[in-house]
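A.B. asks: Listed below are the residues making up each chain.
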Amino acid sequence: MATVRQVCHHVRSKNAGPYWVTLDLFFDGPETFEKYGQSPALGPDTIQRLFGADPALVKRFAVPSLNVVKISYARAAPQGGEVERDMHCGQQYVRLLDVQLD
Amino acid sequence: MPSGPIKIIVPCGSLGAGVVEEEVQRGVALGAHAIASDAGSTDSGAAYLALGMSKNNRGSVKRDLKILMKAGAEAGIPVIIGTSGQAGGDLNVDWTRDIAVEIAGELGITPKIALLYSEQDKAVLKAKNAAGKITALAPLGPLDDATIDSCDHIVAALGPEPYIAALQAGADVILGGRTTDTAVIASFALLHGAPQGASWHAGKVSECGSQCSVHRDRGAGVLLTIDQDGFEIETLALNNQCTPHSVSAHMLYENSDPFRLTEPGGVLDVTDAVYASTDDRTVRVTGSVWDPKPYTMKLEGAAGGRYQTLMLVGIQDPDVLARVDAFHDKMLAALYDRARKSLGPEAGDFHISLRMYGWNAVSGDKPPPGTPAPRELGVLFVATADTQELATQIAKACNAYFFHYPISMDKELPSYGFAFTPADVERGQVYEFKLNHVVHVDDPMELVRTAWVDLRKEEAA
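Keeping their order, the protein sequence lines are chains A and B.
Counting in this note's numbering, the first sequence runs from 101 upward without gaps.
Counting in this note's numbering, the second sequence runs from 2 upward without gaps.
If a hint is listed, it holds; no wrong ones were tucked in.
Here are the simulated SDA-like cross-link-like pairs (lysine to any residue), alpha carbons at most 20 Å apart as the crow flies:
1. Lys-114(A) with Ser-364(B)
2. Lys-114(A) with Gly-365(B)
3. Lys-113(B) with Ala-461(B)
4. Lys-367(B) with Glu-184(A)
5. Lys-114(A) with Arg-217(B)
Please keep in mind that the hints were generated in silico from the structure rather than gathered at the bench.
With these hints in hand, go ahead and build the complete structure from the sequences.
C.D. replies: Set out below in structure tokens:
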């Protein structure tokens, strides 16, 4: 049983333009990257559950040279609306930390 | 005209963020041919485009630009600035122009200043849209005229071509409107025949200055050296360094795709790029590919929406802190009820939100049962309505309820901690981006307007 926070040394989130958010998961090393990087728990369903994102607009990339998995999704509401809570989306990664990967 | 590798100083992540003069001098001493930086971003929201206003204070932009213009004039190399005044609208460019003219006077220099305007005429865009030349990017759908009309300002992100034209026409200083960060930095190298892949990739990894280094708190700028086979990047601060990891990791930053970056006229593809250290401070990058595509420019449009008025309290009452969610729900219902009864139908379709800082203000989620009570709670009241006056009337109607709403009715009325009188703060409009579209053009200069402030001529006249 491993959570994101147990196998990644760094996780971050950031707006990628006003309509997209991108999550970068820096795994501890090639072993954890290989073992968990393609976990279904990091799939569109999880991103929908955590962020209200449209699963059809979730993209996942593996960057083996950095042991990184990048997940990008369209924001449920564009940046800066009436109920904006996180303009840069810089705090959104926190919801990912306790996701079970196996 | 440079012979051999092209050296470009990227002095900071964004003009006004804090250029270090010694770093710029060091870059010039190392043989830099140009200084290039962007001066903005959409990151901080739509207000700066909608209002034509800078995010940075005038003094910090003037300070940075003065260091760059002085170094540029002394070394005889161009200073290239993109996305002027945070958003790159015409008002943002003109604000920066006035600063540059003021600096020139103070330094006693007479630069030829090119102004590249990227703000778009609504009628032109409607015609482009009608001709099928505007394409939506997910998650937005097709563009309509009403959306175009709703924007206060619309810009199209420029590519390198107008910068190249301005350099060819002898610009000493270029102040560009909205431009892709990469194009601002790549333009000089592209003019002088550097390969597309290396030039664009160098622009991307350096666009946040020393953000692509190991110690992001040491120094502000980097030096690019671009040749026919690739490029090198080093920090201008000697006590900092770039490593293959720090440089390649920056390709992830703020991009939805870590390998392919869409730019005007093509896609930068770094899938097969190789990052290698040449010494303990410098990274060499090879294998960057430019994949030419039909020329498109990304549109950004911003508009002001409804108005907001704020109130804030701090709460230490243990009874409230033990039941924050219940308190939130009861208070919110009471505030809506109070506002409706007080203002009647004239309140319109208003909105009230309570942000419980210290509990769930950022996420908006309900914390799981058993979450420990916070030591203090900050409650931000946000009323949103059609006019500022109405938002403030709603806040005033809610004033006593917000400051004294009890968690239980069997005690005397509490008074929560508020810090200001009057207690309501008029915040202004909600500013939003309205566009996520690209416009197709046959000529990269078609939607650009270039103007000049030639201080040499003005002095001679």
